[in-house]
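Trainee: Taken in sequence, the protein lines are chains F and S. Counting in our numbering, the first sequence runs from 143 upward without gaps. Counting in our numbering, the second sequence runs from 4 upward without gaps.
No lab work stands behind these hints, which were simulated from the structure alone. Hints may contain errors.
Claimed, not checked - Computed from the model, here is a short list of chain S residues facing chain F with C-beta under 10 Å:
1) Asp6
2) Asn28
3) Ala31
4) Met33
5) Glu89
6) Leu90
Claimed, not checked - With a straight-line Cα cutoff of 20 Å, these simulated DMTMM-like cross-link-like pairs (lysine to aspartate or glutamate) come out:
7) F/Lys165 to S/Asp6
8) S/Lys51 to S/Glu81
9) F/Lys165 to S/Asp110
10) F/Lys165 to S/Glu36
Beta carbons are placed, not taken as given, at the ideal position from N, Cα and C, and that holds for glycine.
Now for the letters of each chain:
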Amino acid sequence: MEKDATLDAKGLMCPMPIVQLAKKVKELKSGQVLELIADDVGAKDDVPAWCHRTGHQLVGQEEEGKVFRFYIRMK
Amino acid sequence: MADRFCMVVSEGSFDKAMMPLIMGNTAASMGMEVHVFYTFFGLKLLKKGVKPKLPGLWRIGTGMMIKKMMKLNVPGYEEMLKQAKELGVNFYACSTSMSLMGVKQEDLIDGTKVLGASKFLDLAADSKVTLFIG
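Given these sequences and hints, build the entire structure.
Mentor: In structure tokens, the structure reads:
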């Protein structure tokens, strides 16, 4: 999937991937797509919930073994 | 107006120290406005340089738990506090508990506001989520 930036949050436990995600989106512009990589099991539902709450759009989600990839379009 | 999230913390052990920060920092990262009110034994968590311990007999295992957390990349209490401040989490010290425990404003970490119950309840009354940690 096309992306404008990547945030690798592998090895970080809840809530760090979400905290870092919130920091990262401040650097991005509306319409850009951020790829977030995480391996905390909680992230699987946390990231969609974060998107739902903040209004950013989750445009893709992949699972590869224990690694999750999320693609988020900035609102 | 951003969704508001209010918490009351009434215990001062390590677990009660971490929980509101994990919840609060997550909520702030989700764009919520976070208010945490520390009362009774919870108040000591706002004292400068505090190193909270696990409750009761678990106390002696605190160091081991912190080591385990470091291995898992979970930030420590000080780091979480720093993060909370960066995220704009609001910390309040209960005015009555301060008198009761002999705690002064200058003992508290910078940015802590001293508050009475009414003002906090006023905030909580317009809050989407409220939790009691104690």
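Trainee: All the hints need checking, so say for each whether the structure fits it.
Mentor: Hints and how they fare:
1. The restraint placing aspartate 6 of chain S at the interface with chain F holds, with a minimum CB-CB distance near 8 Å, inside the 10 Å limit.
2. With a least beta-carbon distance of about 6 Å to chain F, the hint placing asparagine 28 of chain S at the interface is held under the 10 Å criterion.
3. Proximity of alanine 31 of chain S to chain F holds as hinted, the smallest CB-CB distance being about 8 Å (cut-off 10 Å).
4. A hinted interface residue such as methionine 33 of chain S counts as satisfied when its beta carbon comes closer than 10 Å to some beta carbon of chain F; here the least separation is about 5 Å, so the hint holds.
5. Restraint check, glutamate 89 of chain S versus chain F: the minimum CB separation of about 8 Å is within 10 Å; hint holds.
6. Of the supplied interface hints, the one on leucine 90 of chain S holds, with its beta-carbon coming within about 7 Å of a beta-carbon of chain F, less than 10 Å.
7. With a CA separation close to 19 Å, the supplied pair lysine 165 of chain F and aspartate 6 of chain S stays within the 20 Å bound.
8. A distance of roughly 10 Å separates the Cα atoms of lysine 51 of chain S and glutamate 81 of chain S; the hinted pair therefore holds under the 20 Å criterion.
9. Of the pairs offered as hints, the one joining lysine 165 of chain F and aspartate 110 of chain S is violated, with about 30 Å between alpha carbons and a cut-off of 20 Å exceeded.
10. The straight-line distance between the Cα atoms of lysine 165 of chain F and glutamate 36 of chain S is roughly 16 Å, inside the 20 Å bound, and the hint therefore holds.
In summary, the structure is inconsistent with hint 9 from the numbered list given earlier, while agreeing with all the others.
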